[in-house]
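Whole structure, please, built from the sequences with the hints as guidance.
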Amino acid sequence: MLLPLAFTWSEFFQQVVFGLSIGSVYGSLALAIVLIYRTTRVVNFAQGEMAMFTTFICWSLITNHGLSFWPAFFVTLGAAFVLGVAVERIVIRPFEHASHLALILVTIALFVIFNGLAAWIWTPEQRAFVGPFSAKPFIIGGVAISRQDVGVLAVTLLTVAVLWAFFRFTKLGLAMRAAAIGPGASRLMGVRVEWMYALGWGFATVLGAVSGMMVAPSIFLSPGMMQLVLIYAFAAAVLGGIESPVGAVVGGLLLGLGTTLIGAYVPFVSSDLDVPIAFTILVLVLLFRPAGLFGRVVVRRV
Amino acid sequence: MIGLSPLRVVLYAALLAAIVALPYTTGEFRVTQFSYVGVFAIALVGLSILTGITGQISLGHGGFMAIGAYVTGILAMKYGVPELATIPLGGLVAGIVGFLFGFPALRLAGVYLALATFAFALIVPSVAIAMGEFTGGTAGILLDLPTSPVGALTPDKWLYFVTWAIAIVLFAGAVLFVNGKRGRALRAVRDNELAATSSGVSLSRYKTLAFGVSAFYAGVAGSLYAILNFIVTPGTFPVTLSILLLAGLVVGGATSLIGVIIGAIFVEFIPLYAGDVLGPVVNFLQRLQVPIDDVDPTTPGVPSVVYGVILLLVLLIAPTGLAGLPGRIGVLTKRVYSRLNVPERRANP
Amino acid sequence: MRMKVLLVTAIAAAAALLVAIPGAVARPAADPGVSARTITIGTTLPLSGSASLYARIGTGMRTYFSYINARRARDGQRGVYGRQIVLRVYDDQYNEAQTVQQTRRAVEQDRVFAMLGGLGTENQQAVRQYMNQRRVPQLYVSTGLSEFGRLYRRNPWSIGWQPDYVQEGILLGSYVRSTLPNARVAVLRQNDDYGREFVAGFTSRVGAARVVATETYPRAGGASVIPGPVARLRASGADTFLVVATPVESITALVTAYRLGWRPNKLVNSVGATPGFMAAARTSAGSADAVNGVVTTTYLKDVASPAYQNDPQVRLFKRLMEKYAPGQPTNEGLFFYGMAKADTFIQALYRAGRNPTRASLMRAAANLKIPSPWLLRGSRITTSPGSAFPIRYQRLARYNDGAFSEFGALVKTR
Numbered sequence: 001m002l003l004p005l006a007f008t009w010s011e012f013f014q015q016v017v018f019g020l021s022i023g024s025v026y027g028s029l030a031l032a033i034v035l036i037y038r039t040t041r042v043v044n045f046a047q048g049e050m051a052m053f054t055t056f057i058c059w060s061l062i063t064n065h066g067l068s069f070w071p072a073f074f075v076t077l078g079a080a081f082v083l084g085v086a087v088e089r090i091v092i093r094p095f096e097h098a099s100h101l102a103l104i105l106v107t108i109a110l111f112v113i114f115n116g117l118a119a120w121i122w123t124p125e126q127r128a129f130v131g132p133f134s135a136k137p138f139i140i141g142g143v144a145i146s147r148q149d150v151g152v153l154a155v156t157l158l159t160v161a162v163l164w165a166f167f168r169f170t171k172l173g174l175a176m177r178a179a180a181i182g183p184g185a186s187r188l189m190g191v192r193v194e195w196m197y198a199l200g201w202g203f204a205t206v207l208g209a210v211s212g213m214m215v216a217p218s219i220f221l222s223p224g225m226m227q228l229v230l231i232y233a234f235a236a237a238v239l240g241g242i243e244s245p246v247g248a249v250v251g252g253l254l255l256g257l258g259t260t261l262i263g264a265y266v267p268f269v270s271s272d273l274d275v276p277i278a279f280t281i282l283v284l285v286l287l288f289r290p291a292g293l294f295g296r297v298v299v300r301r302v
Numbered sequence: 001m002i003g004l005s006p007l008r009v010v011l012y013a014a015l016l017a018a019i020v021a022l023p024y025t026t027g028e029f030r031v032t033q034f035s036y037v038g039v040f041a042i043a044l045v046g047l048s049i050l051t052g053i054t055g056q057i058s059l060g061h062g063g064f065m066a067i068g069a070y071v072t073g074i075l076a077m078k079y080g081v082p083e084l085a086t087i088p089l090g091g092l093v094a095g096i097v098g099f100l101f102g103f104p105a106l107r108l109a110g111v112y113l114a115l116a117t118f119a120f121a122l123i124v125p126s127v128a129i130a131m132g133e134f135t136g137g138t139a140g141i142l143l144d145l146p147t148s149p150v151g152a153l154t155p156d157k158w159l160y161f162v163t164w165a166i167a168i169v170l171f172a173g174a175v176l177f178v179n180g181k182r183g184r185a186l187r188a189v190r191d192n193e194l195a196a197t198s199s200g201v202s203l204s205r206y207k208t209l210a211f212g213v214s215a216f217y218a219g220v221a222g223s224l225y226a227i228l229n230f231i232v233t234p235g236t237f238p239v240t241l242s243i244l245l246l247a248g249l250v251v252g253g254a255t256s257l258i259g260v261i262i263g264a265i266f267v268e269f270i271p272l273y274a275g276d277v278l279g280p281v282v283n284f285l286q287r288l289q290v291p292i293d294d295v296d297p298t299t300p301g302v303p304s305v306v307y308g309v310i311l312l313l314v315l316l317i318a319p320t321g322l323a324g325l326p327g328r329i330g331v332l333t334k335r336v337y338s339r340l341n342v343p344e345r346r347a348n349p
Numbered sequence: 001m002r003m004k005v006l007l008v009t010a011i012a013a014a015a016a017l018l019v020a021i022p023g024a025v026a027r028p029a030a031d032p033g034v035s036a037r038t039i040t041i042g043t044t045l046p047l048s049g050s051a052s053l054y055a056r057i058g059t060g061m062r063t064y065f066s067y068i069n070a071r072r073a074r075d076g077q078r079g080v081y082g083r084q085i086v087l088r089v090y091d092d093q094y095n096e097a098q099t100v101q102q103t104r105r106a107v108e109q110d111r112v113f114a115m116l117g118g119l120g121t122e123n124q125q126a127v128r129q130y131m132n133q134r135r136v137p138q139l140y141v142s143t144g145l146s147e148f149g150r151l152y153r154r155n156p157w158s159i160g161w162q163p164d165y166v167q168e169g170i171l172l173g174s175y176v177r178s179t180l181p182n183a184r185v186a187v188l189r190q191n192d193d194y195g196r197e198f199v200a201g202f203t204s205r206v207g208a209a210r211v212v213a214t215e216t217y218p219r220a221g222g223a224s225v226i227p228g229p230v231a232r233l234r235a236s237g238a239d240t241f242l243v244v245a246t247p248v249e250s251i252t253a254l255v256t257a258y259r260l261g262w263r264p265n266k267l268v269n270s271v272g273a274t275p276g277f278m279a280a281a282r283t284s285a286g287s288a289d290a291v292n293g294v295v296t297t298t299y300l301k302d303v304a305s306p307a308y309q310n311d312p313q314v315r316l317f318k319r320l321m322e323k324y325a326p327g328q329p330t331n332e333g334l335f336f337y338g339m340a341k342a343d344t345f346i347q348a349l350y351r352a353g354r355n356p357t358r359a360s361l362m363r364a365a366a367n368l369k370i371p372s373p374w375l376l377r378g379s380r381i382t383t384s385p386g387s388a389f390p391i392r393y394q395r396l397a398r399y400n401d402g403a404f405s406e407f408g409a410l411v412k413t414r
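Residue numbers (the numbering used here), protein chains in the order written: chain A, 1 to 302; chain B, 1 to 349; chain C, 1 to 414.
Hints are all accurate, no fakes.
Listed next, the in silico SDA-like pairs over lysine to any residue satisfying Cα-Cα at most 20 Å (straight line):
no.	chain 1	residue 1	chain 2	residue 2
1	A	136	C	287
2	B	157	C	133
3	B	157	B	29
4	B	157	C	105
5	B	157	C	134
6	A	136	C	260
7	B	207	A	287
8	B	78	B	133
9	B	78	C	129
10	C	318	C	71
11	C	318	C	328
12	C	412	C	370
13	C	323	C	68
14	B	207	B	173
15	A	136	C	264
16	C	412	C	200
17	A	136	C	292
18	A	136	C	283
19	C	318	C	376
20	A	171	A	185
21	B	207	A	100
22	B	207	A	288
23	A	136	C	263
24	C	369	C	380
25	B	157	C	130
26	C	318	C	66
27	B	207	B	178
28	A	136	A	151
29	A	136	C	288
Coverage of chain B stretches by chain A, computed from C-beta distances (three or more under 8 Å per stretch; other residues unrestricted):
no.	stretch
30	118-132
31	241-248
32	304-311
Partial pick of chain C residues on the chain B-facing surface, computed with a CB cut under 7 Å:
no.	residue
33	97
34	109
35	192
36	219
Because the hints were derived from the structure by calculation, they are not lab data. Values in this document were obtained by computation on a predicted structure and should not be read as measured data. All residues carry an ideal CB built from backbone N, CA and C; glycine is no exception.
Right under this line is the structure:
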C-alpha cells in the first residue's frame, strides 16, 4: 500500500531541501562529466568510480590516519586533483587520436579498474562514513530541516562557485577555456594545450570527490556506491546539455528535486521505479532535444 | 572474413571438430562453462554486427539478453511451452524491441547512443521487477533443471550441443548477412553516413535493421542462458555484463568469427581466472625487486583490475582485438622489414 | 595471410584445450568431498554487493573450523574423527544467477561434500531443486524462509537453521499486542518472500488494523532506496516502526528516521539487528537515540552484552576471533552466528559416523536433538523430519547503550 504524503508545508519543505541536496550531488558529478567533455571531448564513464575511489581515500585518512573530517576533505581534494591529472596524462593521452569508440572503451576500462582497485584495497564491505554535519535538524519556522541536507547543498554549490570564479577570473582559467574552444589558436598564443587538458581532468576529479564525500554519509561507502549517482549524473548532464556547465548543475538540481517530489507525492510510484524514471527522462531528452535545456542544437541532418 | 579457400575450409572444419570433441574430453562443469561460451559467442556476433560493422555502440545488450531470458522463462513455466521452442520467440521479442529502439537510434550518434543503451540496460531489470505478475518480481522465475531427451547424452552435453548448433547456424547467417547487399550497405553507413545517403542507401532502414538483428541474437543468447542457468531474475544481466560483452568484443576482435569466440571465452573465463593471471605478473615484479605482496587471486576486485588492464592494453596495442593481432604483427613486421631492406629509399625522398 | 589465420586458429584451439584439460582431470570420487584426511564443504555468501556485511558469517565459520582442525577432541583426534574440515567460500554477490553458477561449481567441479549456510532467501531457493536432484546436502541455509523447514519432506536434502521469519514475526507481534495495544504500526519491508513472511507472522498476532502504513523497498536496492519510503511512513503518523530489512537498508532506515526527527517505537527483525549494525547506525546518525530502544528477537547469546561477559562460549568466541581473525570487530553478532552454525554442523557430522556419507549427514542433521552452548540458556536444538526447524527458542531483546539485553520469557515458537 503506497501512501503519498499528505500535503503539509513542513513536509514539503523537508522534501524540497532533501531533493535539492541530493540534486547538488548529481549536479557536481554531472559538472565533472561536462568539464571533461568540454575540454577533451571524452565522456568519462569512470567519473563515478574515480569519485568513489577518492572518497575511500578520505575515509582512509580519517580512519587510519586520525585526521578529522575537514582536513581529510582538503587533502583528498588535492589527491583527487593529482589523480585526475595522472589519469589523463598516463591513460588518456596515448589515445589522443583514437576513435570515439575506443575512448569510450578506455573510460569503461578505467571504470572497471577503479572499481576493482577499491574492492581490492579496502574490501567490498559496506562501511558507515561519518560526515561533518551533525544530525540535529535546524528548526526554521517550526519545520525541522536536516542539517546534513543543507550542508551538502552549501558545500557543493560553494565548490561549483569557486570553480566558476576560477574559470572566469583567472588567467589559467582563461587559458583552459581557450584550449577547449580553439586548441590551435591557443597554442599559437603560448598556451600549453596538453596541460590544460590534464588540468581539466584534475578539476573534474576534484568535483567528483566532493560529490562522493558529500553523498557517502547517506549511502554507505562501498565500491558500488557511486554507480547509481553516476546514472543520475549522466541524466542531469544530458538534461542540461552535455556542453553546458550551468546546465549540468541545474539539471542535477532539477533531477534531484523532481525524483524526490514525484516519489513523495505521486501515489503509484514506488522506489522500484526511481531509476527507470530518471532513465526514461534521459532517453526522452536524447530523442527530442539532444542538446538539453541549455545546449546549442547541433543539426545533423542526413 | 569470408572466402572459400581450401585452407579456410580446413581450418573451420578443425574448429568444428574441436567444438564437437570437447564435451568428451572434459568434466560436466567445464562442458557447461563452454555452453556459456557458446551463448556469449551468439551475443557477441549480434553485438559485432551492430558495433563492428555499423560503428554504433551498445552498452545495453545485457538488456536484450534479459528480454530473451524472461520470454523463455515465462513461456516455459507459465504456459508450458517446451524450452527449446521458446528460443526463437525470445530472439524475436528481443529483436522487435531492438528494432523499435533503432528508430530513435537514428537521431543519436556516438556517445549519446552509448548513454541511451546504458540507460536501456538499467531500465530492463526495474521493468522486470515492476511487472511482477509476469516476471516473478525480485524472485524471478525458476525453470526446470536441465534434462536430455537423448539417452546417449547427459543434460550438460545435450545443452552444449544445442547451444553450439544454434551458434553455428547463427554464425553462418551472420556471415551471409554481412556479405550480402544489406551488409555492404551497413558498412557504408559506418564509414560515412553522408556519402552513404547520397548514394541512395536508406539510413533509417538499415540502422533499425542492424539494431533489430543484433537484438535478436542477444535475445536468443538470453533464452539459452536462462535454460542453462535454470533461473532468470532481474539481477541476472546487470550493466556490468553489458560492459563485459563490449570488452570481450574489443579484446577478441569485432570483425571475425575467431575473434568472437575468443571474446566469448574472455567473457566467460576472465571473471574466474583473471586473478590467476595476476600471479605470474606479481612473481615477475617481485623478482624485479618491486615491493609487492603475494596476491590471493580470489580477493574480490582483483579480476576486475586485471580485466580492465587487459582491455586497456588491447585497446592500445591491438585495437582490432586479439584475432586481429596477427594482422597487426604482420603490418609491423612488414614495416620493420621494409626499413631494414630498403635503406636507399631514404636518400631520395 | 594463410599463416596468420593458421596461427590464430592454433592459438585459439590451444587456449581452449588448456582451459578444458584441467577440468578433464577431475575424476569422480566414490564419496565426493570426503577423503582420508579431509572433508570439503562449500558455502555461497555475498562477499561483494549490498549484502556484503553478511560475509562475516563466512569468517565466523572459517574461524571455528580452524579451531576444530587444531584442537584435539575427546577421542584425541584433531578435526572430526581425524579429518580436517576445509571450507570453500564462493562469492555469489547476492545474485541468484551467480548462486546457481557458484553452487554448480562447488558441486560439479570442486566436488564438495555438502553446502553449508548458503545465504539469501531467493539465492537458496534457486538451488534447492538442483541440490535435491543431485542429493547434495543443502545444510542450515542462512535464511529464515519457513519453506526450508515446512517442505522438508519434499526436499529432504535441504534444511534451515535459524528460527524462521514467521516465528520471529509472531514473537514481535505478540510483544506489540501485549505492550503496545494501541500502536499505529508503520512497516518497511523487503519486497520479497522474506519481507512478506515476516509481516504475515507479525500481522497474525497484531491484527491488520494496527498496521497503518506499509512500504517496500527492492531487494539489494542499497541505502539510496530507503529515505523515500521512510519519509512516507513517517508522514502516516505511525508511532511504531517495524523494519524488516537486510543490513544496509536496516541501518539506513534507523538513521533516516532519526534524521527526520521521528522517534517511534522501533522494531527490527533479527537479520537486520545485530549489535554491529546497531553500532554502525549509531555512528552514522551521530546519536545513540537513533538505536536505543530497538526491540528485536534473539536466539543466540549476544557477544556485545555485559551479561555474557563471562560466558564460556562468548569467551571462546573472543579468543578465537583474536587468534584467527584479528582486527575484526568483536562486538559483531554475525561472527558468532557463523561459529554457532559451524558448531551445529560439526555436531551433525560427528553423528554421521566415522565414514560419513551425504545420506548419513542429512539423516543426522534431520534428527539432531542436542543442547547447544551457543544458544540462549534453556534452549536446545530440536530437529525431526516432521518438524525440521533446528532452532525454535527465542526471546525478545532491547538495545540500549551498546548492547542488547534480553527480556521476557524464553518462548518456544514452533
